[in-house]
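Undergrad: So the sequences go chain by chain: R and G.
Taking the numbering used here, the leading residue of the first sequence gets 1219, the next gets one more, and so forth.
Taking the numbering used here, the leading residue of the second sequence gets 1219, the next gets one more, and so forth.
Heads up, a few of these hints could be off.
Same chains, same label: a pair holds when it works inside one copy or across any pair of copies.
[Stated by the list, open to error] Subject to a maximum C-alpha distance of 35 Å in a straight line, what follows is the list of computed DSBU-like cross-link-like pairs (lysine-lysine):
(1) Lys1687 - Lys1583
(2) Lys1251 - Lys1583
(3) Lys1642 - Lys1583
(4) Lys1472 - Lys1251
(5) Lys1472 - Lys1410
(6) Lys1369 - Lys1410
What the hints contain is simulated information worked out from the structure, not anything from laboratory work.
Number of protein chains: 2
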Amino acid sequence: MAERIWLYDTTLRDGAQTQGVDFGAADKLRIAKELDDLGIDYIEGGWPGANPTDEAFFASPPTLRRARLCAFGMTRRSGRSAANDPGLVTLFQARTPVITLVGKSSARQAEGALGVTREENLAMIADSIREALRHAEEAMFDAEHFFDGFKDDPGYALACLEAALEAGARWIVLCDTNGGTLPHEVETIVAKVAQRIPGERLGIHTHNDTENAVANSLAAVRAGARQIQGTLNGLGERCGNANLVSLIPTLKLKLGYEIGVTDEALRHLTHLSRTFDERLNRTPNRHAAYVGASAFAHKAGLHASAVAKSPCFYEHIDPALVGNSRDILVSDQAGRSNLLFRFAEMGLDVDPDPEQTAELLAVIKDREARGWAYDGATASFELLVRSTLGQVPHYFDLVSFRVIDERRFNARGELVTTSEATIKVAVGGRNYYTVADGNGPVNALDHALRQALAETYPTLETMQLVDYKVRILTPEKGTAAVTRVIIESGDAEGRVWQTVGVSGNIIDASYNALHDAIIWKLYVDRARAPGA
Amino acid sequence: MAERIWLYDTTLRDGAQTQGVDFGAADKLRIAKELDDLGIDYIEGGWPGANPTDEAFFASPPTLRRARLCAFGMTRRSGRSAANDPGLVTLFQARTPVITLVGKSSARQAEGALGVTREENLAMIADSIREALRHAEEAMFDAEHFFDGFKDDPGYALACLEAALEAGARWIVLCDTNGGTLPHEVETIVAKVAQRIPGERLGIHTHNDTENAVANSLAAVRAGARQIQGTLNGLGERCGNANLVSLIPTLKLKLGYEIGVTDEALRHLTHLSRTFDERLNRTPNRHAAYVGASAFAHKAGLHASAVAKSPCFYEHIDPALVGNSRDILVSDQAGRSNLLFRFAEMGLDVDPDPEQTAELLAVIKDREARGWAYDGATASFELLVRSTLGQVPHYFDLVSFRVIDERRFNARGELVTTSEATIKVAVGGRNYYTVADGNGPVNALDHALRQALAETYPTLETMQLVDYKVRILTPEKGTAAVTRVIIESGDAEGRVWQTVGVSGNIIDASYNALHDAIIWKLYVDRARAPGA
Chain R
1219 MAERIWLYDT
1229 TLRDGAQTQG
1239 VDFGAADKLR
1249 IAKELDDLGI
1259 DYIEGGWPGA
1269 NPTDEAFFAS
1279 PPTLRRARLC
1289 AFGMTRRSGR
1299 SAANDPGLVT
1309 LFQARTPVIT
1319 LVGKSSARQA
1329 EGALGVTREE
1339 NLAMIADSIR
1349 EALRHAEEAM
1359 FDAEHFFDGF
1369 KDDPGYALAC
1379 LEAALEAGAR
1389 WIVLCDTNGG
1399 TLPHEVETIV
1409 AKVAQRIPGE
1419 RLGIHTHNDT
1429 ENAVANSLAA
1439 VRAGARQIQG
1449 TLNGLGERCG
1459 NANLVSLIPT
1469 LKLKLGYEIG
1479 VTDEALRHLT
1489 HLSRTFDERL
1499 NRTPNRHAAY
1509 VGASAFAHKA
1519 GLHASAVAKS
1529 PCFYEHIDPA
1539 LVGNSRDILV
1549 SDQAGRSNLL
1559 FRFAEMGLDV
1569 DPDPEQTAEL
1579 LAVIKDREAR
1589 GWAYDGATAS
1599 FELLVRSTLG
1609 QVPHYFDLVS
1619 FRVIDERRFN
1629 ARGELVTTSE
1639 ATIKVAVGGR
1649 NYYTVADGNG
1659 PVNALDHALR
1669 QALAETYPTL
1679 ETMQLVDYKV
1689 RILTPEKGTA
1699 AVTRVIIESG
1709 DAEGRVWQTV
1719 GVSGNIIDAS
1729 YNALHDAIIW
1739 KLYVDRARAP
1749 GA
Chain G
1219 MAERIWLYDT
1229 TLRDGAQTQG
1239 VDFGAADKLR
1249 IAKELDDLGI
1259 DYIEGGWPGA
1269 NPTDEAFFAS
1279 PPTLRRARLC
1289 AFGMTRRSGR
1299 SAANDPGLVT
1309 LFQARTPVIT
1319 LVGKSSARQA
1329 EGALGVTREE
1339 NLAMIADSIR
1349 EALRHAEEAM
1359 FDAEHFFDGF
1369 KDDPGYALAC
1379 LEAALEAGAR
1389 WIVLCDTNGG
1399 TLPHEVETIV
1409 AKVAQRIPGE
1419 RLGIHTHNDT
1429 ENAVANSLAA
1439 VRAGARQIQG
1449 TLNGLGERCG
1459 NANLVSLIPT
1469 LKLKLGYEIG
1479 VTDEALRHLT
1489 HLSRTFDERL
1499 NRTPNRHAAY
1509 VGASAFAHKA
1519 GLHASAVAKS
1529 PCFYEHIDPA
1539 LVGNSRDILV
1549 SDQAGRSNLL
1559 FRFAEMGLDV
1569 DPDPEQTAEL
1579 LAVIKDREAR
1589 GWAYDGATAS
1599 FELLVRSTLG
1609 QVPHYFDLVS
1619 FRVIDERRFN
1629 ARGELVTTSE
1639 ATIKVAVGGR
1649 NYYTVADGNG
1659 PVNALDHALR
1669 QALAETYPTL
1679 ETMQLVDYKV
1689 RILTPEKGTA
1699 AVTRVIIESG
1709 DAEGRVWQTV
1719 GVSGNIIDAS
1729 YNALHDAIIW
1739 KLYVDRARAP
1749 GA
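Generate coordinates for the entire structure from the input sequences, incorporating the hints supplied.
TA: If you want it as structure tokens, here you go:
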């Protein structure tokens, strides 16, 4: 029977320390539910009393299906009873089933940072755990700076752990607080600890300061630890915490441990990871292990044909197990096999003859050389392919547009900025001339264009812009740089598609991407062009 | 005496497989020089004949100070002599001092992917290495799929390595081609190999598909391997290769190995890593081990005051050793100690009284809540602080601006887009009204604004925009999203500074960032405002 590993997520507490990340209370609720659905055993919700967000979260905590909610806090201060420690009192008021208490496990830390004696520190740990167990079903002890403390003075570091254990802590979690410990050190030290404390009571909490947080977690598990603390996508202060998204598939698919994550939940891992980043407005890491958009991408012509023959040679797992998919890139280095594979994957029922293939490769290569990128814009790619093959009707012609942005004082003496777009398009021999305003130049242009097309193509009404991304391609030229715009659109049928536009002018690039977005919608709706 | 580890960089070959990365020949030359300066032992320049970029690179290779240049290729095809193999002939024509040959070390791969017998594969390896040594000073063998091959059939995998060794290969490099091997497996297998092949002849080449590439490299070194292959910033196909930028400080500072990287070169590591990303127009990873902007950042108020007391508690190395620096963040969670630390670090000779501190914290908090981010815009942060304290003179007032973008047919019947900006500013009681065009709306606005200010503030002439970045903050609203613009500027005195602007309108946000960039330049020049 497979051994059980317990997963403890601290995204909502340690992950909230990430530079550039700010969770609202509503974010926290949603993320907690997603972690629960994933099959995480313990979800650390935050630090009651530390800030208004955490207060709001614990005031109306999420209802969890399976996971246990943990509140985080510090062991009591020196010279107070645990029952009268204001920090602990606030913590207990959160009334969570689990309380996690962090404390020192290094003599140098206790004496240097807290200014308390070694004995008082042991009493602070034991008293706080005992008091926590009067308020919660389960208490655990996060041994801060454990590995550095153990190197300094192993006897005292172990005494801290034993104080927590004897006081009733369910888990003793060994924390590599400053992230500097290497995997072989973790394995050696945890093995020594496991001679005194059973592995089923030991957890590991690592940071990525040497790019070894995942390996350090695995090393601790090999040495006997049975709980792993980490975060979604490796969020966390400095270089981040251990990345649960990388650890989960390794534990389940490669090491055969039993974890709370079912096969079905594992198939949502890629989606969960990317949605989480999008919610935080972080660009998902294309190169993330298991779940990155490039994790199963094959660029070299040589590899691509080998992959088509026998995927296992270049793929260490079946990407479908984690909800990811193979992606064969179209690029400079691509050959015909890449192109055909890409067509097949995109569901493009296109089988170009050799002459057409050569033409397509030349067209794509030329576009890519000028800054177009189709990795994130499959709708534009499909249009490029189908247009080159003569399959896309001619829906409309742009005659001209003009966008005016003005910043001036309004009637109330405030500086305001307005954007207005006028556009002239020819549809089936007739000119439409419209004007619209918007929250910015591209928004105004989008409104004017769709207004001009509404009469002829009424289905465009249900279409909307979901995302708009700008990337500057040659930043050494400052504002004169080339701009790439990627637009994501959606419609009432639930379709979502991405298009790309490139130009030296950001407005022009945006128009190109908007144009493709509209044409793709008309094409998949099989709209009839009026001139056709 | 410390043991020597040899570093082999494959950024220019395996790194070129990264999705979204395209090196030009000039890029390759510059990167090779930088790797040489860093102290890399072997630099793999590319695959001669594989594409025009690599052909151009080897046609006029860089002059290296210390590193040895390697050309990469495949062992001979089946049924040909190595001397007549067209691939090898092209490779030898590159006339590099080192030739690296990749070949199969798995029976299943040789038979399945190449369709050759086990014996023929051994002959292909030995013949190719022997022939390479007639053209180069040194040859090495990259054993593709070694770890999977060893698990399948250890005897045959070892026979492949021995064939290369006996033919004279200086290094036998064990490749985890699909990246699926875990650290404990690497350590066990390399230890077994090292019983047959001396560690001073063994290299390791890993990929990051389980987020263990760095740990796998370290595991191989522990088992005896003495060469590590990797890339800058972990570039590479799929999830990337082993990240040399993380490995170098660990090998040198923590494990005490002798490597080609001097203490002085190590202090340029952060700069090298970030410049490399900027050149590729990739955003440097804030959370990168050792070199990330957040690697020594402390957000929580609790940590920040502890760090100020005793940095080693929360920092595993002195950031200066790798050319990085401590960064105490200003954020929601920040306290007064964070703020003061930040001032000191920025060289701001500002010592606000408690009332001013409260006001500053409130102003910063409000701005951050509305989307401003000062992490990457220290000039805007300084202006915000100094303005709040009344230290920044009033240089000019914007009265109004108007930007017009037009797309229409020009005289030659081509669709062209033009951008024109008019601006009215009041300087010292006088109105300046100017018009300028540009490559896009922001470029035009920048031109018009600086034209309007040129007479009063002539030093602005030497200022230029270096970079322009756009980020959309609430993408769920599509083009109506809030936009954050970050502008980097430089001047003739060699200063470089970053400013930020936020607005619902991209033009407005850009103007705000431009405004700060100009004010900061005037402030540091101690320009006298005409009304003052």
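Undergrad: Flag every earlier hint the structure violates by its number, smallest first.
TA: Going through the list in order, the structure violates no hint and respects every one.
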